[in-house]
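Construct the complete structure from the given sequences, taking the supplied hints into account.
Protein sequence lines correspond, in order, to chains A and B. Residue 23 in this note's numbering sits at position 23 of the first sequence, with consecutive numbering throughout. Residue 594 in this note's numbering sits at position 254 of the second sequence, with consecutive numbering throughout.
Any given hint might turn out to be false.
In the SDA-like style, the derived pairs of lysine to any residue whose C-alpha atoms are separated by at most 25 Å in a straight line are [stated by the list, open to error]:
{"#": "1", "chain 1": "B", "residue 1": "LYS658", "chain 2": "A", "residue 2": "LYS116"}
{"#": "2", "chain 1": "A", "residue 1": "LYS319", "chain 2": "B", "residue 2": "PHE565"}
{"#": "3", "chain 1": "A", "residue 1": "LYS305", "chain 2": "B", "residue 2": "LYS381"}
{"#": "4", "chain 1": "B", "residue 1": "LYS585", "chain 2": "A", "residue 2": "PRO330"}
{"#": "5", "chain 1": "A", "residue 1": "LYS116", "chain 2": "B", "residue 2": "PRO834"}
Note that these hints are calculated values from the structure, not bench results.
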Amino acid sequence: MKATYSLFLVFGLVLVALIGVGGLGLHYLFGVIIPYVAVLCFILGFICKVLNWGRSPVPFRIPTTAGQQFSLPWIKQNKIDNPSTMWGVVLRMFFEIFTFRSLFRNTKVELYDGPKLAYASAKWLWLFALMFHYAFLVIFIRHMRFFTEPVPSIFQFIDKVDGVLQVGAPHIYITEIIILVGLAFLLLRRILDPKIRYISLPADYFPLFLILGIVVSGILMRFFVKTDVVGIKQITMGLVMLKPVLPKSVGTIFYVHLFLVSVLLIYFPFSKLMHMGGVFLSPTRNMINNNRMKRHVNPWNYPVKVHTYEAYEDEFREKMVEAGLPVDKPLEQSPAENKE
Amino acid sequence: MALPSARELFSKISHRMPKREWMDIPVEIKPGRYCYPANPKSLEYVGMPYARQWSPLDEDWKLPENWMEIIRTGMRDRLDRFRTFKIFMDICVRCGACADKCHFFIGTGDPKNMPVLRAELLRSIYRGEFTTAGKILGRFAGARKLTEEVIKEWWYYFYQCTECRRCSLFCPYGIDQAELTIIGRELTNLLGLNTDWIATPVANCYRTGNHLGIQPHAFKEMIEFFCDDIEEVTGIRPEPQFNKKGADILFITPSGDVFADPGTYTCMGYLMLFHYLKEEYGLDVTWSTYASEGGNFGFFTSHEMMKRLNAKMYMEAKRLGVKWILGGECGHMWRVIHQYMDTMNGPADFLEEPVNPITGTKFENAKSTKMVHITEFTADLIKHGKLKLDKSRNDNIILTYHDSCNPSRGMGLLEEPRYIIKHVCNHFYEMPENTIREQTFCCGSGAGLNAGEIEELRFLGGLPRANAVKHVHDKFGVNMLACICAIDRAVFPPLMDYWVPGVDVTGIHELVGNALILPGEKERETNLRGEPLPGKEG
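As structure tokens, then:
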């Protein structure tokens, strides 16, 4: 149900663009106003969210240690998974962000009659998640050729590498296939794996369908509902130069694509997609495990009520003396003796 | 409550998901799955709010009238104070990598024991109360209303988490359910909802210095009993010192080691080691009856209570004028010392940077906190050949080693205990790699869950650990499980009896005590447990 809702929501969004541009001719709204709003929303929203996170302090240094600590000189430390220096953390974060290292550890528990438990390797999620994210990144970079003039050689190069297969005309990008495969896996896993289906929210299906919609509309535009690429570049450059132009030669399919991207940008800062920013700030990953070497300061550390030794000795002094334990204050004389 | 047989209990485990969505399944408080509520007197003693008699099985939990306001303010306040809380509320993508990493989910199959859903219990309220999308879109945005039912659910499930952090290891963003359980428990504590197995040790510890409420004279007496036992086995009587001003080192260990078998044998190991070091090298170690607890059940209550109980360590070290502190074998104690103590109660500028006076080794990794783990200390002694050991005395033992959650994932103490094991024991086998070191499985009873009334839950939670022990028991004939945690030592014997009969439990320093050749000792016939040594069975 949650998946269906989300799917229809994306269909609805497509319909909005189709009617808005194709039926009502609101080219300016969908081609200029919404994209500008979306970019602004994304940038401001992203910054606000990160600043909001940053406003809360990290009171304690609580890295999750995933290997041998820095200890005695002859014990080999795991410098990446249990970093004791800033460089170690940089490496740990690098592997976390670029290779999804934690996800690579994934296992799957299996119950057998025996009774017996076993842990099978489960790297599919890691593999397809990695494929999806990298394909997305390359596609994003590839699109920069629409927003630059002249196109820097790095974007041309990536475009060329991505299209190296030279199959079909226009030729297929490798990333087009990879992102579809990645999305399909992530979606099917969510729908077919009972556990994952159980924990999923509409907010987990919606971005998948939305991105799928973006990819599919992009592919349609290139292969099936061909539209004027030169005109598109005029639009995108017009947006970049803040001098919007809307050539009539560009078909509605482009506006659908653009609208879905705009929705993604607007949705991003308010959703779980912020994991993109959050992963950098996660205290269990980005902190140095030098806890006992360097004092971490908690800005809101406040004094608390404690039970002092004096109070403790006052309560137990007699018993302590009797047991031969040293005391700070000798046993009091009885009041009568004191008076003398 | 009589437990079904191991096979029967196992056969009832099902990982099938319910038909209804989790938000539609009201919490069902099952006997055997929850710890009894706190004795109001214990809460009052330490000034915790809303102490009262209440029963989890009752409809009415007697919440304070303004409970909703308390929770809202409590959450807002914690969102402002903990970046972890904010980020962990916002960025989970529900990829499910954590789902089957939790021993309580593996054992109970209850979906709300998947770390991701345990966190969603809190997240759904966060969305409903603190995010615009949640306020407008409600359930479509994953939000739900704050009701008494939710509070009951929180209490039920946050006390079915042992804060072991295994989920956080597998999470691609490091979302740490332990952190959320800690914060969730703080919230329940604001409403006077706690468990007695945590609250009473807290009150005891506050007053007497240790969780068990052992008073100073009794503490000394108990340790002297151990000295009697050691004398019987070795002919040598250690003379431990208590509350001694000007000693070199203050030693603090969990009071469980002083109280219950088999932790007591580990305690004897410490006593023998210190005696040896005093005789051979003149090392001056003192125990304290005031700081007589390494563990910290305040950690399972609130950050504030943790700080209040932990304060004694530094206060006592300062009063006695020792150079640095040595800490015994304990799990969560070391999470608190390693990741919290210096921040909360430091700086410990009245102590010296710890140096092992016998080997000259500087404990670089402890130079600010000034507290050294006893396995770091002993491993250093062995490495420098400072201990005379006869490891054949442990030849009857076929050993495996359990990494305690906190020293593994909150510290990284993995090799030190293994190094000691290899020097005091000839037969050592590791459990499968998915179940040890940073991937270790919890004993199922940490974070204040070692209560008798939840035995079934604990056995289910301890299943993954027991199952790994069974693997090496069947394969290599392992008959002893070593650990460096007092809770483990209390929990494992019944857990092993249930799932893997024939495996006993020991601390590392019990093995050291048995292998250590004390100067002038008589020929030993038995180990510290009074069992005949190898070759002396006749």
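Review point. Broken hints, numbered, in rising order?
Key: Of the numbered hints, just 1 does not hold.
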